[in-house]
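Chemist: Sequence:
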Amino acid sequence: MSWDPGPDSLDFELNPYGHSLVFSSRYYQLLGKRKDLPIYACKEQFMTAIEKSQVVLVEGKVGSGKTTQVPQWCVEFVHGHRYQSGIVGCAEPADLVTCAVAQRVTDEMDLVFGEEVGYCTALEDFSTQETILRFVNDSVLLREIAVDPLLERYGVIILDEVQRRTVATDLTMALLGDILSQRSDMRVVVVTTSIQAGNFQSYIGACEVVKVPGAGDSTTEIQHTQDVVHDGKCVEEAVKRVTDIHANDGDNGDILVFLADEKEVQEACRRLRDVDDLPAPLQIIPVFPSLSHNQLHGLYDVPDEEQEPTGQGLEEHPGNEDTPEEVVENDGNETEDSAHDGDEEDDDTISGERPRKVIVATDIADSCLVVDTVGFVVDSGRVRQEVFNARVRATQDLVSLISRLSADQRADLASLRPGKPGKCFRLYPEDFTEDLAAFPNPEIHRVNLTPWILLLKRLGVEDLLKFDFPDPPATEFLSGAMNQLKHLDAVDETGCLTDLGAIMSEFPVDPQLARTIIASCEYGCCEDILTIAALLTVPPVFLRPPEAAQAADDVRRRKFARAGSDHLALINVYHAFRQNYQDELWCSSNYLNFDALRMTDDIRQYFGAILERLELGPCEDSEPKTEEERVKNIKRALAEGYFMQVAHDLDGTGNYFIVKETQVVQLHPTTCLDSNPGWVLYHEFVLSERNYITTLTEIEPQWLFDIAPKYFDPTNLPQGEARRRFHSILVKSELAVPGKPAREWAGPGVAQPAAPRNFHSQAGRGPVQHGQMRERKEEDDDDSKLCVVS
DNA sequence: GTTCCCTGA
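In the UniProt record's numbering, the protein residues as written are 1 to 790.
Worth flagging that the hints you see were computed from the coordinates, not collected in a lab.
Since this is a predicted model, take the numbers as computed values, not measurements.
Watch out, some of these pointers could steer you wrong.
[To be verified] Below are the SDA-like pairs computed for lysine to any residue, each with C-alpha atoms no more than 20 Å apart in a straight line: (1) LYS632 / VAL731; (2) LYS52 / GLY80; (3) LYS710 / GLU612; (4) LYS240 / VAL229; (5) LYS240 / HIS230; (6) LYS35 / LEU14; (7) LYS660 / GLU629; (8) LYS710 / SER688.
[As the list claims (entries may be wrong)] Estimated spans, in silico, between C-beta atoms of each pair: (9) THR433 / VAL664: 36 to 44 Å; (10) THR433 / LEU650: 41 to 49 Å; (11) GLN84 / PRO624: 35 to 43 Å; (12) ASP553 / GLN29: 25 to 33 Å; (13) ASP463 / ARG270: 49 to 57 Å; (14) ASP227 / GLY460: 50 to 58 Å; (15) LYS710 / ARG391: 17 to 25 Å; (16) VAL228 / GLY460: 44 to 52 Å; (17) ARG562 / GLN29: 55 to 63 Å; (18) PRO624 / GLN283: 53 to 61 Å; (19) GLU684 / ASP435: 25 to 33 Å.
Here a beta-carbon is modelled for each residue, glycine too, at the ideal position from N, C-alpha and C.
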């Protein structure tokens with residue numbers, strides 16, 4: 001380790017953690033601000049608590065400084081113990097926040113971003129062996145448990161924003177209980193805006209509790225509308241409210257607007273830019289989760305070169321800063337990873353009068369991103385969330401009302417300016433607040449659990465009913481997930497992980513897709529399936545801007561459509577993108593998402609590296625000889641994973657039946673299919689105005705018997721058309737045993753599950769070894785063994 | 001004749 005053990009107090013003049021031993025003036029400048037944070041008064045209490053207790057629960061309102069200060073205190077703790085138990089890991093619920101907080105904390109500690117303090121998200125690992133404080137995305141931490149079951153590199157784990165109740169945080173909290181019992185030297189710090197949001201105290205049991213007193217010197221005045229504002233009117237109403245505030249409320253605090261989703265945010269920003277009779281210019285800043293952290297332009301004031309005139313010794317922090325009036329809790333300080341690539345931001349600066357900011361955000365800004373120059377909040381009270389319908393196994397994106405906790409947090413954000421009161425305008429009537437749920441609904445209650453359950457199985461959880469979930473999901477969710485995993489042969493009849501399931505769990509994708517990737521080795525179409533898998537994993541590649549919808553449709557169908565398969569169309573897009581030198585302009589003129597396509601290669605190579613590591617690869621003898629055979633093999637490989645997601649044409653009118661669910665669905669209009677094939681496999685079933693299945697490939701029903709004979713045994717199917725059809729297919733196929741009545745076809749010896757396949761994997765070579773996950777860069781260079789597709 | 005993606009890398 002490259003730092004010297006030093007004094008335990010950060011107030012000492014030498015930096016105990018960094019290479020350069022003397023603190024910069026910037027450090028003191030930030031320290032002054034840190035001392036004003038409400039949480040600063042709790043430091044001693046916290047340090048005593050963590051010495052004494054394995055688990056510390058910290059509760060504090062938004063803006064109290066929890067997210068930036070607690071990790072630093074934990075570093076002091078592990079430093080004091082000479083890192084004997086490990087370093088500090090801090091789990092955050094979103095990538096945007098993970099990186100932003102890491103940058104801010106690096107700055108406050110006067111260290112080097114990516115060295116002593118680093119971060120790790122799905123896409124990036126910006127940390128080293130020397131890192132002592134590592135911010136990680138919560139699902140990345142959960143996956144780390146698979147390779148490091150006792151999380152031995154960490155002496156302290158911080159779970160931040162626990163009240164958001166992401167699946168990954170919930171599961172990690174449950175698993176940590178077990179880890180702590182085996183590691184008496186480890187500490188866990190649970191950080192939340194509200195202990196009540198999950199009965200955390202009774203869930204955790206014995207622990208020390210640190211409650212941060214409220215800031216208290218200013219409160220938010222809240223106004224409600226008289227009437228309900230309907231979904232379609234929210235954007236308009238919010239824009240009107242912003243222009244009103246700007247025209248009439250002179251104290252010039254910034255304005256923070258909460259809308260339901262990215263689409264509304266973009267729409268509101270567009271309208272605000274179009275308003276032409278403003279008394280003074282506004283700086284419009286959209287914020288939503290899929291922004292990359294270097295797109296948070298202007299959220300925090302960034303003087304860049306123009307530092308406060310104090311600046312000596314700031315070389316280590318090019319571009320990192322913020323103004324004195326800003327405290328950032330989780331904040332992203334602005335910018336772009338200066339440390340990554342030195343990208344310069346030429347934002348407006350706050351020299352003199354800066355324009356008033358209007359930050360238009362989704363719920364990601366409820367608690368994770370704090371801007372303390374805000375004086376006005378406009379809250380639509382809504383959020384768009386994915387809701388999984390376990391009965392029909394379909395996702396639905398619904399706009400729902402936020403919880404009272406979120407509503408209160410949003411209001412609190414209006415009064416973080418020292419000594420100045422704030423105002424919150426809620427776009428809903430006052431009596432609505434009584435109908436709001438008190439706390440956010442845990443995500444584990446509303447998403448498809450199949451991938452998460454596979455991960456738990458991989459982590460050695462035997463009995464899910466006995467697993468200590470903070471809030472157990474409905475048994476319907478658990479059994480639905482287990483059934484899917486059984487059909488996929490990922491777990492056996494007794495619920496134990498199979499060898500195939502262990503292999504599937506290596507892939508950071510849905511189990512169906514993992515199964516398809518593995519199957520592609522047998523069908524000699526790895527390269528094509530890896531391309532499809534990568535494209536199904538990145539954000540949608542086809543764009544459809546409202547003003548050019550027709551043109552986008554035309555291009556998609558003319559240039560990329562391929563008979564009978566949207567999946568094959570994706571392959572066409574990928575190759576066309578490469579043939580056109582991965583050109584951004586080419587993408588926009590073809591209505592393709594450049595950012596998504598640019599990510600595809602990395603992900604594709606990563607999946608390929610997993611196959612290699614597992615010693616799974618294309619079988620030479622299964623290489624397709626003809627184009628026709630190649631297409632057929634791709635489709636069959638898809639069917640190996642997605643056989644539970646097939647639908648058949650009911651009557652030639654475009655109404656399709658989902659085989660097992662007796663649901664009638666339509667093919668989504670964006671499909672490239674130009675006719676209505678008899679049988680299709682789909683990637684997703686979305687419930688919206690109508691029931692649609694999307695990303696489709698035509699298949700032959702006979703394949704389904706080969707792949708999953710038991711699943712498609714007619715006697716297991718509901719009464720109806722699908723059953724009749726399978727019956728007749730079966731009669732024609734050689735599987736039919738003459739003279740036996742149909743209902744016995746599923747009997748022993750006739751339609752057994754497919755024999756376990758040889759996955760070319762060496763027995764006993766299962767789990768990933770620690771560290772392999774990040775070694776891919778080297779591996780990738782010699783994957784020449786995988787064939788290249790024309 | 002029109003869903004949005006919190007996340008895995």
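Chemist: It remains to establish, for every hint, whether it holds in the given structure.
Modeler: Now the hints, each set against the structure:
A distance of roughly 23 Å separates the Cα atoms of LYS632 and VAL731; the hinted pair therefore is violated under the 20 Å criterion. Restraint check for LYS52 and GLY80: the C-alpha separation of about 14 Å stays at or below 20 Å, so the hint holds. Taking the CA atoms of LYS710 and GLU612, the gap is about 31 Å. The hint is violated against a cut of 20 Å. Annotation: proposed proximity of LYS240 to VAL229 holds, straight-line Cα distance about 13 Å (limit 20 Å).
Pair hint LYS240 plus HIS230 holds up; C-alpha atoms about 15 Å apart against a cutoff of 20 Å. With a CA separation close to 18 Å, the supplied pair LYS35 and LEU14 stays within the 20 Å bound. As the CA atoms of LYS660 and GLU629 are separated by approximately 29 Å, the hinted pair breaks the 20 Å bound. Between LYS710 and SER688 the CA atoms are separated by roughly 32 Å; this puts the pair beyond 20 Å, and the hint is violated.
In this structure the hint that THR433 and VAL664 lie 36 to 44 Å apart at CB holds, the actual value being about 39 Å. At about 46 Å, the beta-carbon gap between THR433 and LEU650 stays in the expected band of 41 to 49 Å. For the hinted restraint 35 to 43 Å between GLN84 and PRO624, the CB-CB distance of approximately 57 Å leaves it violated. A beta carbon spacing of about 55 Å between ASP553 and GLN29 contradicts the range 25 to 33 Å that was offered as a hint.
Here the CB-CB span from ASP463 to ARG270 is close to 52 Å, well matched to the stated 49 to 57 Å. Under the hint 50 to 58 Å, the C-beta atoms of ASP227 and GLY460, about 54 Å apart, fit the expected range. For LYS710 and ARG391, the Cβ-Cβ distance of about 22 Å falls inside the hinted range of 17 to 25 Å, so the restraint holds. Between VAL228 and GLY460 the beta carbon distance is about 49 Å. The supplied range of 44 to 52 Å therefore holds.
Taken as a hint, the range 55 to 63 Å holds for the pair ARG562 and GLN29, whose Cβ atoms sit roughly 60 Å apart. Between PRO624 and GLN283 the C-beta distance comes to about 56 Å, which sits within the given range of 53 to 61 Å. Take GLU684 and ASP435: their Cβ atoms lie about 32 Å apart, and the range 25 to 33 Å holds.
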